[in-house]
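**Q** Sequences listed follow chains A and B, in order.
Mapping of the first sequence onto the UniProt record's numbering: residues 1 to 213, in sequence order.
Mapping of the second sequence onto the UniProt record's numbering: residues 1 to 213, in sequence order.
It is possible that part of the hints are untrue.
Copies of the same chain are indistinguishable here, so a pair counts whether it falls within one copy or spans any two.
Within a straight-line C-alpha distance of at most 27 Å, the following computed DSSO-like cross-link-like pairs (lysine-lysine) qualify [stated by the list, open to error]:
| hint | residue 1 | residue 2 |
| --- | --- | --- |
| 1 | K134 | K15 |
| 2 | K134 | K35 |
| 3 | K134 | K20 |
| 4 | K35 | K20 |
| 5 | K48 | K134 |
| 6 | K35 | K48 |
| 7 | K35 | K15 |
FYI, nobody ran anything at the bench for these hints, they're computed from the structure.
Keep in mind it's a predicted model, so treat the numbers as computed, not measured.
Letter by letter, the chains look like this.
Number of protein chains: 2
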Amino acid sequence: MALTTEQRVRRAAVKLFAAKGFHGTGIRDLAQAAKISPASLYHYMGTKEDLLAAIMRECLDRLLLAARQTLDTVDDPAGQLSALVTLHVMAHAAQPAETRVVDNEVGALSRGRRRVVVGLRDEYEAIWAGAIEKGVSAGVFDVPEPAVTRLALLEMCTGVARWYSPRGALSLDGLADRYAQLALRMLGGPPTGGETAAERAREVATRVWRIRP
Amino acid sequence: MALTTEQRVRRAAVKLFAAKGFHGTGIRDLAQAAKISPASLYHYMGTKEDLLAAIMRECLDRLLLAARQTLDTVDDPAGQLSALVTLHVMAHAAQPAETRVVDNEVGALSRGRRRVVVGLRDEYEAIWAGAIEKGVSAGVFDVPEPAVTRLALLEMCTGVARWYSPRGALSLDGLADRYAQLALRMLGGPPTGGETAAERAREVATRVWRIRP
């Protein structure tokens, strides 16, 4: 299926912002990469910052949607954590360029837009915080400092975008699985128990991020 | 003590590369921030890429030096891991801007220089790999996939540069301590046992990165 102009521009922007940074990418570079004129670029996408904000919002919206869809059917904390780790790892390993942009360019947004993006990120992190808290209350997890552990977990999982290669020995499923085990260890949780939830998360991730098995 | 011109340029470059990216930073921005003329900038530092390569090499050289100094006197694997995590966390939390530059701009280096930087990073990671392997051989750690776990650990520890604030409730020592505990859990290691080594690592980190207690 051919890409729409909007999709073509969006892809070119993700690639360029990831490689050269938002400030290092000119409108001309963008127009050239998307094979349209700078005037058409503006017509389709607005300013360079509009484009950046749209990319970030889309990434975070998807992650939020996927997390909510998955947790809808999972009740136990070990399952919830396994599902969240699986989703996060698969999404970030599958989208290294998007991850670079979302991670590195929040500072390039104007104040109002930054607030929106940070708000979405906070919503997403609150889902993680809720699952950890639930496990601690239920006596399933043993976590002295839940907020620090949550941040450590998220950085560990996001980090796959910086090193994972689909050409390596490890499949995306295998990677997500190993990370879910590491996460349960960090939380002092049961060594197993999240498998069904992780399976559900793999299905959601494969659909939302169009990951080929 | 007044900074030398070289130090002033180096600091300005770290700040600008971190905020606007290597490609987004012009020679004029650098000269202006360091309060010298573009011609003097070139005289002191060579090209913009020379400057980037020097920043990266210095960061990695320091990390390697600190790791070797610390492990010189630590023999048990749990101690070695606690020490490595302590050093890495303190170094990265104390230098968020340098971390951004080293993490994000390797792709901006020409091939020969990239090889040098990647070589230093590989040397550093080999120290971690050695300590993990030693613990697995000794039956102290239980790690199904040592390489994946090492990368997960490193990303988790580097990630503090993206969220830690010295103005928050947690001290740098407390942060490092918590991370060393999380690392031992991930490795299936003993819950305690690295305290003396971590203490030694804190001393080295405080000296090498001039961290004020």
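**Q** Next step is simple, just say for each hint if it's right about the structure.
**A** Now for the hints, and whether the structure bears them out:
{"no.": "1", "hint": "K134 <-> K15", "verdict": "neither (39 Å within a copy, 41 Å between copies)"}
{"no.": "2", "hint": "K134 <-> K35", "verdict": "neither (50 Å within a copy, 54 Å between copies)"}
{"no.": "3", "hint": "K134 <-> K20", "verdict": "neither (41 Å within a copy, 40 Å between copies)"}
{"no.": "4", "hint": "K35 <-> K20", "verdict": "both (18 Å within a copy, 26 Å between copies)"}
{"no.": "5", "hint": "K48 <-> K134", "verdict": "neither (41 Å within a copy, 51 Å between copies)"}
{"no.": "6", "hint": "K35 <-> K48", "verdict": "within (16 Å within a copy, 30 Å between copies)"}
{"no.": "7", "hint": "K35 <-> K15", "verdict": "within (14 Å within a copy, 34 Å between copies)"}
Checked against the numbered hints listed earlier, the structure breaks hints 1, 2, 3 and 5; every other hint is satisfied.
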